[in-house]
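Asker: Construct all of the structure, not just a fragment, from the sequences and the given hints.
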Amino acid sequence: MLKPFYSNDKQYWKVVLLCFMAAATFWFLNALNKTYTNIRTSYPIQFVYDEKKLIPLKPLPEEVDINVTGKGWKMLRKSLMLNVRPAEIMVYSLPRQSYLTGSALRPSISGVLDGLQLNFVLTDTIHFRFDRRLRRKIPLAVDSAAIKTAANTVIASPIAITPDSIVFDGPASMVSKLPSPFQVKLPITNIDRSFKRFVPVEFGNSDLVKANVPEVEVSFAVSPLIWEEKMVVPVVLNAPEGAPLQLQPPLVSIRYGYRQSNAAAITPEQFGLTLNYANLNPVDSTVAVEVARKPVQVHQLILKPNRVKILPALPAL
1 MLKPFYSNDK QYWKVVLLCF MAAATFWFLN ALNKTYTNIR TSYPIQFVYD
51 EKKLIPLKPL PEEVDINVTG KGWKMLRKSL MLNVRPAEIM VYSLPRQSYL
101 TGSALRPSIS GVLDGLQLNF VLTDTIHFRF DRRLRRKIPL AVDSAAIKTA
151 ANTVIASPIA ITPDSIVFDG PASMVSKLPS PFQVKLPITN IDRSFKRFVP
201 VEFGNSDLVK ANVPEVEVSF AVSPLIWEEK MVVPVVLNAP EGAPLQLQPP
251 LVSIRYGYRQ SNAAAITPEQ FGLTLNYANL NPVDSTVAVE VARKPVQVHQ
301 LILKPNRVKI LPALPAL
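For the sequence shown, the residue numbers in the numbering used here are 1 to 317.
A hint or two may mislead.
[Claimed, not checked] Derived lysine-lysine pairs resembling DSBU-like cross-links, with alpha carbons at most 30 Å apart: (1) 148 <-> 304; (2) 210 <-> 196; (3) 230 <-> 304; (4) 52 <-> 177; (5) 148 <-> 294; (6) 137 <-> 148.
[To be verified] Restraint ranges, calculated between C-beta atoms of paired labels, are given here: (7) 163 <-> 84: 45 to 53 Å; (8) 84 <-> 119: 16 to 24 Å; (9) 56 <-> 212: 18 to 26 Å; (10) 292 <-> 144: 18 to 26 Å; (11) 261 <-> 51: 39 to 47 Å; (12) 190 <-> 57: 19 to 27 Å; (13) 292 <-> 129: 54 to 62 Å; (14) 219 <-> 253: 32 to 40 Å; (15) 261 <-> 129: 32 to 40 Å; (16) 292 <-> 229: 15 to 23 Å.
Calculated from the structure, these hints are not laboratory results.
Even glycine gets a Cβ: it sits at the ideal position worked out from N, Cα and C.
Answerer: Spelled out as structure tokens, the structure:
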């Protein structure tokens, strides 16, 4: 049965191929001229808003499902997205509601279908969330207490941050909650020498909130501590009047670490230790030793003991 289609003549096969192409073209053109009804398809939508004033809190929907009637030519153009105008949803101010129903979308879609007849919108509801856009300039700071230097070292200069402030841009509900000053966290610990490096600015909601710079330069000097020890007599506060007291021990050892400077040598009189009699522990008659004052160049100190007994003084023999 295939014999009539069999031939070794190349020209024969060219004619057969041309016949098939002509038939396919005729069928295709005939199909495009037909009118099709109740065709389900998707159609692009586009939110139009002032990006300087508003910002979406989640990705906006980009298309909806619709049911249309139209000729094959129009259907093909839409399928190939040739000169298809998205249906525009105008947002002039912060929306009071966060959704639109399919019926509310109908006028916007009908006006741009260009030759297709909209039967109905299949998508029931589209959801969106907008917020007011806010740009806020916040000063930067580094919590020196959170900086972990190596043992027997101390920060020996003011902490410099360049730039000293940063501009955050994003939803007002998020940007307004950022602390001021904004704390920059150092990513390393056990710092044993002067520090100068770029540090990343880290904050939450980075998908929506943006900073005008990704990192800042932080620098400060680090110096070693010199350790010494002094014996100091603590002062009793709030003691009962007319009741002589004795301390055990009478002196408290202060071991302190200080940064080398041009200041005069440190003396015991520069320290002030107090014992608040009102906080006396009746079980063991001890009171915690408190540091009332210390030289400015002292950065660390160790008290021994850190509690002292307060007892009635023994009568003189």
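Asker: Starting from the hint 19 to 27 Å, judge whether the C-beta atoms of residue 190 and residue 57 obey it.
Answerer: Because 41 Å falls outside the window, the suggested range is violated.
Asker: Is the Cα-Cα distance between residue 230 and residue 304 30 Å or less?
Answerer: holds (11 Å)
Asker: Is residue 148 close enough to residue 304, meaning Cα to Cα at most 30 Å?
Answerer: holds (25 Å)
Asker: Could you tell me whether the CB distance from residue 163 to residue 84 stays inside 45 to 53 Å?
Answerer: holds (46 Å)
Asker: Kindly confirm whether 16 to 24 Å is satisfied by the beta carbon distance between residue 84 and residue 119.
Answerer: holds (18 Å)
Asker: Measure nothing beyond the straight line between the CA atoms of residue 148 and residue 294; if it is 30 Å or shorter, mark the hint as holding.
Answerer: holds (23 Å)
Asker: Do the alpha carbons of residue 210 and residue 196 lie within 30 Å of each other, as the hint requires?
Answerer: holds (25 Å)
Asker: Does the Cβ pair residue 261, residue 129 satisfy 32 to 40 Å?
Answerer: With a Cβ separation near 57 Å, residue 261 and residue 129 fall outside 32 to 40 Å, so the hint is violated.
Asker: Assuming the hint says 18 to 26 Å, is it satisfied by the Cβ distance from residue 292 to residue 144 or not?
Answerer: holds (23 Å)
Asker: Could you say whether the range 18 to 26 Å given as a hint is met by the Cβ separation of residue 56 and residue 212?
Answerer: Given range 18 to 26 Å: holds, Cβ gap about 21 Å.
Asker: Given the range 39 to 47 Å, decide if the beta-carbon distance of residue 261 to residue 51 lies inside it.
Answerer: violated (55 Å)
Asker: Please check whether residue 292 and residue 229 have a Cβ separation lying inside 15 to 23 Å.
Answerer: holds (19 Å)
Checked against the numbered hints given earlier, this structure breaks hints 11, 12, 15; the rest are met.
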